[in-house]
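Sequences listed follow chains A and B, in order.
So for the first sequence, full-length UniProt numbering puts the first residue at 1; every next one is plus one.
So for the second sequence, full-length UniProt numbering puts the first residue at 1; every next one is plus one.
Hints are not guaranteed to be accurate.
The calculated lysine to any residue pairs, modelled on SDA-like cross-linking and capped at a C-alpha distance of 25 Å, are [unchecked claim]: (1) B/Lys85 x B/Trp97; (2) A/Lys87 x B/Leu239; (3) B/Lys217 x A/Leu58; (4) A/Lys130 x B/Val220; (5) A/Lys253 x A/Arg292; (6) A/Lys84 x A/Tyr144; (7) B/Lys215 x A/Arg292; (8) A/Lys290 x A/Val262; (9) A/Lys61 x B/Asn209.
Which residues of chain B face chain A? A few of them, derived with a C-beta cut under 8 Å, are [what the hints assert, rightly or not]: (10) Lys217; (11) Arg221; (12) Thr222; (13) Gly227; (14) Val228; (15) Thr300; (16) Asp315; (17) Arg317.
No lab work stands behind these hints: they were computed from the structure.
Bear in mind that the values here come from a model prediction, so they are computed numbers and not experimental data.
We put the CB at the ideal spot given by N, CA and C, even for glycine.
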Amino acid sequence: MEKELLRVENLTTSFCIDDQYYAAVDDLSFAVHENEIVAIVGESGCGKSALALSIMQLHDKKRTKSEGSIIYKGTNLLNEAESKLNKVRGRHISMIFQEPLTALNPLMTVGKQIEESLHYHTDLSKKQQKAKTLTLLEQVGIPYPKRTYKQYPHELSGGMRQRVMIAIAVACSPSLVIADEPTTALDVTIQAQILDLLKDIQQKTKMGIIFITHDLGVVAEIADQVIVMYAGQIVEKGSVKTILERPLHPYTKSLLHSIPTVKKEKNRLHVIQGMVPSIAKMNRSGCRFKERIPWISVQSHAQFPRLHEVEPGHFVRCTCYKQFHFPKEGGTAIR
Amino acid sequence: MWKFIVRRLLMMIPQLFILSVLVFMMAKAMPGDALGGREIDPRANPDVIEAQREKMGLNDPWHEQYIRWVSNVSKGDWGVSYTHKVQVTDVIEDRIWNTVNLALLTLIFTYLIAIPLGLISGRYSDSWIDKVITGYTYIGFATPMFIFAIIMLFVFGFSLDLFPTGGSVNPTVEEGTFAYVLSKINHMILPAFSTAIVSTTVIIQYLRNEVIDNKMKDFVRTAKAKGVPETNIYTHHVLRNSFLPIAAFLGYEITGLVGGAVIIETIFNYPGIGQLFLSSVHARDFSVVTAVVMMTGFATLLGTLLSDIILSIVDPRIRID
Chain A
1 MEKELLRVEN
11 LTTSFCIDDQ
21 YYAAVDDLSF
31 AVHENEIVAI
41 VGESGCGKSA
51 LALSIMQLHD
61 KKRTKSEGSI
71 IYKGTNLLNE
81 AESKLNKVRG
91 RHISMIFQEP
101 LTALNPLMTV
111 GKQIEESLHY
121 HTDLSKKQQK
131 AKTLTLLEQV
141 GIPYPKRTYK
151 QYPHELSGGM
161 RQRVMIAIAV
171 ACSPSLVIAD
181 EPTTALDVTI
191 QAQILDLLKD
201 IQQKTKMGII
211 FITHDLGVVA
221 EIADQVIVMY
231 AGQIVEKGSV
241 KTILERPLHP
251 YTKSLLHSIP
261 TVKKEKNRLH
271 VIQGMVPSIA
281 KMNRSGCRFK
291 ERIPWISVQS
301 HAQFPRLHEV
311 EPGHFVRCTC
321 YKQFHFPKEG
331 GTAIR
Chain B
1 MWKFIVRRLL
11 MMIPQLFILS
21 VLVFMMAKAM
31 PGDALGGREI
41 DPRANPDVIE
51 AQREKMGLND
61 PWHEQYIRWV
71 SNVSKGDWGV
81 SYTHKVQVTD
91 VIEDRIWNTV
101 NLALLTLIFT
111 YLIAIPLGLI
121 SGRYSDSWID
131 KVITGYTYIG
141 FATPMFIFAI
151 IMLFVFGFSL
161 DLFPTGGSVN
171 PTVEEGTFAY
181 VLSKINHMIL
191 PAFSTAIVST
201 TVIIQYLRNE
211 VIDNKMKDFV
221 RTAKAKGVPE
231 TNIYTHHVLR
241 NSFLPIAAFL
251 GYEITGLVGG
261 AVIIETIFNY
271 PGIGQLFLSS
281 VHARDFSVVT
291 AVVMMTGFAT
301 LLGTLLSDII
311 LSIVDPRIRI
321 D
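Let's have the full structure, built from the sequences with the hints guiding it.
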């Protein structure tokens with residue numbers, strides 16, 4: 001087993017809405033190892049991005065409360081002062097954001113934005129910073145690094161911008177990169193290129209990646225471990241093979257069932273009924289997914305399901321997975 | 001860039017033409033004329049005055065007078081001021097620099113107040129200091145400029161006797177000396193500050209909103225994720241983005257100052273274009289009125305052009321060609 005990079009234990013992140021705290025990330029525990037890609041999957045509103053921002057502690061401190069522990073190299077990041085965190089952010093743990101156009105400063109040249117990381121975390125001179133930036137641009141597959149160095153974000157295409165984001169993230173060779181839906185804003189061919197690039201860099205540097213996505217196709221392509229999140233909780237966790245081949249939780253099954261395939265084209269596509277509850281309306285007890293599978297009525301839904309290990313390395317939070325089945329064709333599964 | 005500027009300058013010609021027609025019509029629509037006012041000896045023979053009117057063409061329909069005026073202006077002749085009895089250009093030339101200097105000092109004061117207050121207010125939004133600053137801007141918004149001006153005049157001019165209460169320069173100092181420059185500045189401080197204290201409130205609010213808006217942007221989060229310390233996030237990322245609309249505002253601000261000069265110069269009895277304009281309207285000195293309005297109209301158009309040019313320089317996304 002590779003060395004452990006980051007361990008998240010019982011992390012709960014709550015947002016303050018109208019003077020009340022609601023947990024967007026609820027009692028989450030997992031670990032990331034060196035040279036490992038952990039995919040976090042779930043619909044919009046499941047708390048994936050909230051989790052990413054919690055690890056980096058980029059939430060507005062006045063309206064957010066994080067409890068539990070985020071252990072990086074033996075220290076709990078939740079207890080660190082802002083100045084210490086700034087030494088970790090960008091240097092040891094960095095982040096790639098979803099929408100590269102808004103995530104880059106429109107008034108700053110691409111080169112300067114990459115150099116900024118180097119400026120705060122290395123002792124390189126101005127000249128060395130520039131040289132390093134040009135190498136980075138080349139590494140992320142920018143065809144004309146010298147020209148791009150002087151360009152502004154709006155002058156680049158979406159794919160190029162995301163390459164720049166990656167260059168910023170890997171500038172100081174961090175040991176962990178959190179990629180928050182890095183390919184969602186891109187079209188499919190560019191998506192594949194960006195994934196290849198990330199995987200390529202990851203294999204060279206042995207860094208760990210937390211890869212947040214809602215695209216199971218991407219997960220199959222890139223991940224080692226998969227965490228399925230629903231309503232702020234982990235509902236299923238395991239290796240990519242286990243999750244994709246032997247999913248157990250009804251939510252994971254439904255997600256996989258909702259992917260269109262060429263073979264099944266005459267059947268109507270499965271749709272998960274309803275939507276993720278907003279954090280203010282989430283169940284405080286009992287299964288949070290039960291509303292969306294009304295054709296399964298199990299007494300034990302009222303209990304609070306615990307995450308339990310069903311086989312080595314495969315965790316599920318469900319009480320009904322043995323009874324779960326999809327409704328008959330033309331049945332209640334259609335909106 | 002040069003093409004754009006030339007095109008905009010050419011576009012000003014029809015705009016100024018329309019302005020001149022409107023101004024001329026309205027000036028002529030005012031009751032009375034230069035020969036009917038207080039300047040004329042009441043004992044003068046009405047027949048003589050009427051003959052003089054006929055001779056000066058004041059009885060002709062306005063469009064005939066307009067055509068005559070345009071043809072003269074196109075030759076560079078703006079006519080003679082009825083009250084000052086000299087060329088209009090000379091009358092304006094005497095005062096224009098007073099107004100320009102006053103406007104410049106006002107601009108400096110305006111931005112000196114607005115930038116720090118706006119930035120503090122935006123960065124520490126909803127803190128007590130932000131509430132104090134926004135409170136001030138509301139008062140500044142709600143109170144007409146002349147009230148501030150009169151209070152300033154009364155407190156600092158009369159009661160404390162710190163600044164002169166009228167004129168543009170101490171008549172005893174010799175022109176060209178350093179004392180002359182100091183005296184000029186001394187005369188401008190009160191009117192400039194009174195204008196700035198009010199005109200700055202809009203910019204403070206703009207800047208505050210921009211800072212609040214920008215500090216929640218995604219690229220600020222990216223900068224935080226890079227490990228950039230909070231203060232540097234403000235100086236490197238939030239600031240420049242927040243200055244964009246303020247820079248664009250500069251051109252329009254100049255326009256506003258030209259209009260504001262009428263009130264402030266009258267209150268402080270400051271011999272500038274604004275005061276000249278008001279006295280010329282009273283005296284029905286049409287040639288001066290039209291010339292001043294045309295000039296301020298031109299300044300307004302230049303101001304908007306300046307705004308566009310500034311914006312294209314500071315924002316790389318806007319390129320003029």
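Hints, verified against the model:
1. B/Lys85 x B/Trp97: Answer holds: B/Lys85 to B/Trp97 is near 21 Å, not above 25 Å.
2. A/Lys87 x B/Leu239: Judged against 25 Å, a Cα distance of about 23 Å means the pair holds.
3. B/Lys217 x A/Leu58: 12 Å, holds
4. A/Lys130 x B/Val220: At roughly 22 Å apart (the allowed maximum being 25 Å), B/Val220 and A/Lys130 satisfy the hint.
5. A/Lys253 x A/Arg292: 13 Å, holds
6. A/Lys84 x A/Tyr144: 36 Å, violated
7. B/Lys215 x A/Arg292: 38 Å, violated
8. A/Lys290 x A/Val262: At roughly 30 Å apart (the allowed maximum being 25 Å), A/Val262 and A/Lys290 break the hint.
9. A/Lys61 x B/Asn209: 21 Å, holds
10. Lys217: With Cβ-Cβ at 7 Å, under 8 Å, it holds.
11. Arg221: 6 Å, holds
12. Thr222: OK, holds: B/Thr222 within 8 Å of chain A, min 5 Å.
13. Gly227: 4 Å, holds
14. Val228: 6 Å, holds
15. Thr300: 28 Å, violated
16. Asp315: 7 Å, holds
17. Arg317: Status holds, d = 5 Å.
The earlier numbered hints that this structure contradicts are 6, 7, 8, 15.
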